[in-house]
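Using the hints, put the two chains back together into the complex; each one sits in its own frame.
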Amino acid sequence: MNYGLRTKILLITSVVIITICIGITWTVSSYYSATYAETLQSRSLAIAKSLALQMERITGLGIQIESVVGFEEQCVEVVRAYPNIDAAMILSPRGTVLFHSDNSQIGTLAPTEDLIRSLNRGEFTLKLTDVGEYLAVEPIFAPDGSQVASAVVSFSQHYIDDGLNRLRFSMLAIGTCIALLGLLILTLMLNHFIMRPIKGLMNAIRYIRFNPGDYSPRIETQGRHDEIGAMIESVNQLLSEIQHREAELITAKETSDQANKSKSVFLAAMSHDLRTPMHAILSMNELMLSTQLNDRQRRFTHNIEKAGRWLLGIINDILEFAKIESGKLELLVSKFDLHLLVNDVIGLQEEIALGKKLVLSQQINADVPRMVIGDGPRLMQILTNLISNAIRYTDQGSVHVQVLLAGSETVFSVTDTGIGVDPEKVHLLWEPFVQVAAADGQRRSGTGLGLAIVKQLAEAMGGTVGVDTSPGKGATFWFTARLEPAETHQAVHQQPDASPEISPVASP
Amino acid sequence: MLGVPWSLGEHILKRFLTRLMMFCLLGLILNPAFAGDLRPPSRAPEGRPWRILHIMSYDVGLDWSNSQFAGFKLGLGRGIEVEYKVLELDTKRDDNPLAVAERVKQAENLIKTWAPDLLYASDDMAIEKLIHPRVNTSLPCVFSGMNRSVAYYGLTGAKNVTGVLEQEHFIETVRLLQQLRPGASRIQVISDQSAYWDESIQRIEALARSAGGISIVSTDRIERYTDFQRVILQNPKKADAYLLLGTFSFKNERGGDVQFKDVQQWIAENSHVPDISFWSDRIKHGTLVGVTVSALDQGHKAGDAARRILLEGRSPGSIAMEVTHKGIAMLNLARARALSITPRAGVLLSSVVETRYTWTKK
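So the sequence lines, in the order shown, correspond to chains C and R. Each residue of the first sequence is one higher than the last, beginning at 0 in numbering that gives the first Met the number 0. Each residue of the second sequence is one higher than the last, beginning at 0 in numbering that gives the first Met the number 0.
Pulled out of the complex, with its shape left as it was, chain R reads as follows (with noise of 0.2 Å):
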């Protein structure tokens, strides 16, 4: 007699579970979102997957050229299949001429024999010698961390290429400066002689004078490594702080490269003036703090303008090229600590702050 409410009880909830995962699974299939997924992933016409080559002007030990790619590949998504090819033009270490010429004929036949369907190409070396020479042509192409103007490439108008510029943010960075060492507004620049720096200058020269309290007391463009050695350890212009410019490729007393590790070390260890940099490998590596552009962003943005080209059938010439205002604030701890400055509270929570060089991580 217990038998028959049980049963019974059973019975009717064995149905309300049947009909409730039946309703959740066609909520799940009529989701957009689950549908997506449920799509196949986007091939090349002829059913293979997507090609795309990446070019990086420098090479992938360094965050900002890692972080350009991660971020181009998040904004490409999902739902697209892809095989990647990866060229590392390797100018920060080894910016020989020869050298780097051998490499863009790497990248040159890899171009034909592979046959990509998308070049993506990161900073300024690999643009000039990649990109610049495919204008208009039927090779859909895409940059991002590009320093000098779309002019100056020959890009403007260009059909088959679309990308990311990437703007200094210079007076954020003296401000932030001036939170740790107020009162400092004089600042030198300082870099080496590669021609691709010569716009950024000039746009940091521009901003230093609109902005007003702020001035340039020089700009140095420098070779030689003990020159370098020199302007930092006299500070001939007593300037209150070093803008360090570029990748520094520098020649040492036998004609070598001077390894970008080994000058960030050195400056460490000697300099008594502040020093300020846009890229969050420098702050890394030592320089005291800097308003760094999102290398993820860059990349996001260009892999972004690559999946509606790829996906959606647009045309390179079509998207507009942009330049991202994203800044992230970074802090060097142990350069602060170098320099006896202690920094704000409000300064650490509003930064990311690097503890230790690079060197010095275990």
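Next up, chain C with everything else stripped away, as it sits in the complex (with noise of 0.2 Å):
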């Protein structure tokens, strides 16, 4: 039921308040029914009696019954005297009724068989049940005790039904009246000690909910004792909670972001006076191999320039990651060819994945514009990054990239036969300086900062990365970025044959 506690509550109470009136009324009525028979049965008997006296004594002056003269008046003045009577007579032992309070009825037979059989038995009370008739029966005595006839009284059960009916209908009036005016009070009640606190703590919530973070609203308890009273005052007392918890909690964020934001200041800070030396480090070193030197000391100087220009990779994406932590990032809007762009990426990797005899392959669908509006060179982060990646994580088979448009993004996927990645551990591919162990147990190096930054471009260009793996079947790392067409270039060099464009750039 969709109804406010106010409407059930009433409800609740109509249906037991109708239930009490309509218990009552039965009550009432059967007593009332059981009463008001006996009360006009007695009644009849007494006023049957009072005919009976009436007439012995006119038989007592001597006068035979036949001869009484005038006696309809006696009958006819008691009907008019008591409303509830229908008739009053006087019949004689065989039936015929000598005196009535209709004329018309006079010299005629008993009204019926029941009557007369009930006059020789000496009954005093007949109930009619096929006219609905009360009968009243008092024999009448001649002076010398022979029963000379009967006085007869009758009134109708529709006397007892209209009275019932009457009393039914008073007192379904007055139980209206009552349950009205006692619906009208338990409202008025409910409204004030009920209602009007609750509407208060609804409002309060509705607040909140319209307004998160603002837990400044209190309810007033209006001095209240009671359970909602107590309610009340639990509420506002969580709301305090809340609202302290809250501005705890901001602090706490405030302090935390202070300190993220001095950590990435610190290591941009760090990296940059790292790259500076190993700048020099490797132009050292760049120069000591133009120099006269042996096999074994070009070894050396080949493996320090390795080294070095790893460790310049990890200061690299130290520096790229604190940038975007630091919210220095900030992307260029250039315009640039996205295909060149993808093939030289390509180019860059083609050598490391024939040395691991890798089959590296593209594919750009051909509704993908060549000239696009971004940053073109973070585009080639993230793309170098995966293939890297892949490339690092396939030890046979392939990697293929795929750029295709989806509506108003653009897809990148790079797909390899890789070890691919347990999907319980997915979710961490993306935090910073973690490192997902791979399927086959084997620590790859890499400073754990290539995914994360990764996804950090990506958002930053208006797009979402994901992967689709299961272990020993490879993986596909996707993105999307948002990237306007340069619309005349795409004019000048856009192609009538609407096939992708799939080259394999290196094959063992």
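Please note: incorrect hints may appear among the correct ones.
Cut-off 25 Å, straight-line C-alpha distance, at most; resulting in silico cross-link-like pairs (SDA-like, lysine to any residue) [stated by the list, open to error]:
| # | chain 1 | residue 1 | chain 2 | residue 2 |
| --- | --- | --- | --- | --- |
| 1 | R | LYS283 | C | VAL68 |
| 2 | R | LYS236 | R | GLU268 |
| 3 | R | LYS283 | C | LEU60 |
| 4 | R | LYS84 | R | GLU101 |
| 5 | R | LYS283 | C | PRO142 |
| 6 | R | LYS325 | C | GLN53 |
| 7 | R | LYS283 | C | GLY59 |
| 8 | R | LYS260 | C | LEU60 |
| 9 | R | LYS283 | C | GLY61 |
| 10 | C | LYS327 | C | VAL264 |
| 11 | C | LYS48 | R | SER349 |
| 12 | R | LYS325 | R | GLY345 |
| 13 | C | LYS48 | R | LEU348 |
| 14 | C | LYS48 | R | ARG343 |
| 15 | C | LYS260 | C | LEU328 |
| 16 | R | LYS283 | C | GLN53 |
| 17 | R | LYS325 | R | VAL59 |
| 18 | R | LYS283 | C | GLN63 |
| 19 | R | LYS111 | R | ARG47 |
| 20 | C | LYS472 | C | VAL425 |
| 21 | R | LYS283 | C | SER66 |
| 22 | C | LYS48 | R | GLY345 |
Chain R residues, not near chain C, derived (Cβ > 12 Å throughout) [stated by the list, open to error]:
| # | residue |
| --- | --- |
| 23 | ASN95 |
| 24 | PRO115 |
| 25 | VAL149 |
| 26 | VAL230 |
Not everything, but these chain R residues come out facing chain C in the computed CB check (under 8 Å) [stated by the list, open to error]:
| # | residue |
| --- | --- |
| 27 | LEU332 |
| 28 | THR341 |
| 29 | ARG343 |
| 30 | ALA344 |
| 31 | GLY345 |
| 32 | LEU347 |
| 33 | LEU348 |
| 34 | VAL352 |
| 35 | THR354 |
The set of hints was computed from the structure by calculation and includes no laboratory data. For every residue, glycine included, the Cβ atom is placed at its ideal position computed from N, Cα and C.
This is the structure in structure tokens:
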């Protein structure tokens, strides 16, 4: 039922009141019906007795009952005096009507056989159910003690029914008035004692719902010490606690953000400071390679160069990540050739792929515009990162790069046939400084910042990142980016054939 | 062991019953009605019972006279010790002036010798002969059944006299007659020559005029019985009914008084005209119907006045003389049968019905 609390309480109360009213009405009606019938019977019997006494008084004067004149006036008088009496009559022992309140009945036989039988049996009361009449019968005796007639008084069942209906109607009317009055009082009391505080509570909750983070509203208890007052106090206390915790959290977040920013600044500074001597080392090493070295020295120098470049990559990653974290990442908005960019990236990685005897291929769908506006170098960085990762984690098979359009977004995916990633650890891939163990259990080189940087850059370009993988079955890393097509260049370079451009760029 | 609770129970029961009896006794003593009975009855200042002399105009053989006296005693009530002396002027059976004068003299002597504390006279003759001469004397006088006016007997403003006047229920009587004989409206008034009926006849004529639909076709004041018989038999005025007023002190051919009972029997046996009257004695003696004056009510009101005079010390003159209005419908069924009248049930039930004549009763 989608009714309010007040409506439910009122409905329940109405049902209870109506049930009580019906119960009382039924009980009183039953009692009334029995008592009223008994009273009417008793009164009718008394009236019949009175008529009998009057007739006996007349016969006591020595007048034969057949010689009595005008006794029907007494019968009429009785009917007039008692509105609930239908008829009064004097019947001979054989049932002939001697006197009747209705003159037309005089001389006829008694209305029913039951009554005639009743006269002979000497019954005092009789109910004629077929005609719905009650009869009171009183014998009339002559001075010598013989029964000469009977006085009969009748009243109809409908008097009882009418009285009962009037009673029911009155009780119903009174019950309805009481019920309405009770419900009105209940409504007012509910509004005052329950609904008003609950409404205050709901208003406060609604305010908090539509004003996230603002827990300032408080509900007035209005001096209540009942359950609702306790509930309001509890809610107020809860709000105070939430407000306090919220303030603490904000403070903690601000502190954390500040610490994170400081860390990023420190890392950026440190990386910059590390990169300068690294460049110097690499330059000096390059100079040393141009000198006369024996084989052993040359091998050592090459190792120095390799290690130095690896270290420089790490430093660059840290510097990049620190820049992003510290909010210093600024994307370029410039026109570049996307196809050329993809080919260049592939080209840079093809030698490494050949070194591992992997097939490196790329596919750019035909609807992908060639000239786009965006940050080409950052896009190149993302692709380089994903392809180098794919080569690193693939020992045999292939690495395939695909570019396609999905609505307004450009989708880049790198699919390898490598070792894959445990699905339970996929969510950790994008976390910074996290090295997810490879499915083969071997640790591969890396800072653990590569994919975190990919994610940050993709999101900065208005896209998202994701991976579809299962252990031993390779992986497809993908990301999307919003790249605006450069119309003029596109118009110039658009090819009539819409078929995708697939080209293996490296094969063993 | 078993005796202990029984003894205790009996003890408690005895205490309860004793207290209950004491409580009831106390209640009875404090009850005003019971306390009144415990008080000694009122007596005259000399310490003797109050003396009341009752003078009847008629005789104790008449219900009218007896009922008035019975009502007087009722009105006087309890708590008073009274010594009564009753003297009959007996004017209904013997209205010879000399005989009446003799009986009045006896009454006068009794007043002198016995010195009653109060004189109670019933009906006009006793009032005329014994109260009228004592207006404004020291003897308190109370009367009932007076047909004539207060002024006629010089009782207006009398300090020592009060009483109850009798007025006839004429209209009610005729209406009752009309229930038995519908359409009966021509009434012939028949009375003797007693002077105290003059004012009654005047009242009846005035009432007939004011009621409408009722006419007094003739008023006959008859002295001789033969004249009365002739009028009754011939019905010269074609009346629907005779109104028999008074005690009928008719004289026979020898000059003697004709007894009331004989007159009534002759009417019942010979008259074919319905007759009405105002006194229960008449109905019992064969008059068809009448709304009679309540003799008991007359006497009761007189007794109540006497009580206030004797017990409360009220002056009779301070107690207003009043007229009783209570009437009793009476019907003589034997007479109705003789006249071939079948009374309707309503009349039989609302009237005192005499089924026989007094002379046929065993």
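Results for each hint:
Only pairs whose Cα atoms come within 25 Å are accepted, and LYS283/R paired with VAL68/C is accepted, the gap being roughly 23 Å. A hinted pair counts as satisfied when its Cα atoms are at most 25 Å apart, and LYS236/R with GLU268/R qualifies at roughly 21 Å. For a cut-off of 25 Å, the pair hint linking LYS283/R to LEU60/C stands: about 15 Å separates their Cα positions. With a C-alpha separation of about 17 Å, the suggested pair LYS84/R and GLU101/R falls inside the 25 Å cut-off, and the hint holds.
Between LYS283/R and PRO142/C, the direct Cα distance comes to roughly 22 Å. Compliance with the 25 Å bound is thereby established for this hinted pair. With a C-alpha separation of about 23 Å, the suggested pair LYS325/R and GLN53/C falls inside the 25 Å cut-off, and the hint holds. As the CA atoms of LYS283/R and GLY59/C are separated by approximately 18 Å, the hinted pair is consistent with the 25 Å bound. Note on LYS260/R and LEU60/C: the hinted pairing holds, with a Cα-Cα distance of about 23 Å set against a maximum of 25 Å.
Among the hinted pairs, LYS283/R with GLY61/C is consistent with the structure: their alpha-carbon atoms are about 17 Å apart, no more than 25 Å. Of the supplied pair hints, the one linking LYS327/C and VAL264/C holds, its CA atoms being roughly 10 Å apart against a limit of 25 Å. For the proposed pair LYS48/C and SER349/R, the alpha carbon gap of about 17 Å is at most 25 Å, so the pair holds. Distance restraint check for LYS325/R and GLY345/R: the Cα-Cα separation of roughly 20 Å lies within the 25 Å cut-off, and the hinted pair is therefore satisfied.
Between LYS48/C and LEU348/R the alpha-carbon distance is near 15 Å, which keeps this suggested pair within the 25 Å criterion. For the suggested pair LYS48/C and ARG343/R, the alpha carbons sit about 20 Å apart, so the restraint of at most 25 Å is met. Straight-line distance between C-alpha atoms of LYS260/C and LEU328/C comes to about 13 Å, which keeps the hinted pair within the 25 Å bound. Between LYS283/R and GLN53/C the CA atoms are separated by roughly 22 Å; this keeps the pair inside 25 Å, and the hint holds.
Simply put, LYS325/R and VAL59/R have alpha-carbon atoms about 23 Å apart, close enough for the 25 Å limit, and the pair holds. Taken as a hint, the LYS283/R and GLN63/C pair is honoured in the structure, with Cα atoms around 22 Å apart against an allowance of 25 Å. Between LYS111/R and ARG47/R the alpha-carbon distance is near 17 Å, which keeps this suggested pair within the 25 Å criterion. Using a Cα cut-off of 25 Å, the hinted pair LYS472/C and VAL425/C holds, with the two alpha carbons roughly 14 Å apart.
The straight-line distance between the Cα atoms of LYS283/R and SER66/C is roughly 23 Å, inside the 25 Å bound, and the hint therefore holds. A C-alpha spacing of about 17 Å is found between LYS48/C and GLY345/R, which places the hinted pair at or below 25 Å, so the restraint holds. Residue-level check passed: ASN95/R sits 40 Å from the nearest beta carbon of chain C, beyond 12 Å. For PRO115/R, the condition that its CB be more than 12 Å from all CB atoms of chain C holds, with the nearest at approximately 44 Å.
Annotated as non-interface, VAL149/R keeps its C-beta farther than 12 Å from every C-beta of chain C; the closest such distance is 41 Å. Listed as a non-interface residue, VAL230/R keeps its Cβ farther than 12 Å from every Cβ of chain C; the least gap is roughly 31 Å. For LEU332/R, the interface hint holds, the least distance from its beta-carbon to any beta-carbon of chain C being 6 Å, beneath 8 Å. Among the interface hints, the one on THR341/R holds; its C-beta lies about 5 Å from the nearest C-beta in chain C, closer than the 8 Å criterion.
The closest approach between the C-beta of ARG343/R and any C-beta of chain C is roughly 3 Å, which is under the 8 Å cut-off, so the hint is satisfied. The beta carbon of ALA344/R comes within 4 Å of a beta carbon in chain C, closer than 8 Å, and the hint placing it at the interface holds. A hinted interface residue such as GLY345/R counts as satisfied when its beta carbon comes closer than 8 Å to some beta carbon of chain C; here the least separation is about 5 Å, so the hint holds. Restraint check, LEU347/R versus chain C: the minimum CB separation of about 5 Å is within 8 Å; hint holds.
Satisfaction of the interface hint for LEU348/R is found here, the shortest Cβ-Cβ separation to chain C being roughly 5 Å, below the 8 Å cut-off. Satisfaction of the interface hint for VAL352/R is found here, the shortest Cβ-Cβ separation to chain C being roughly 5 Å, below the 8 Å cut-off. Checking THR354/R against chain C by beta carbon gives a least distance of about 5 Å; that is within 8 Å, so the hint holds.
The structure is consistent with each of the numbered hints, conforming to all of them.
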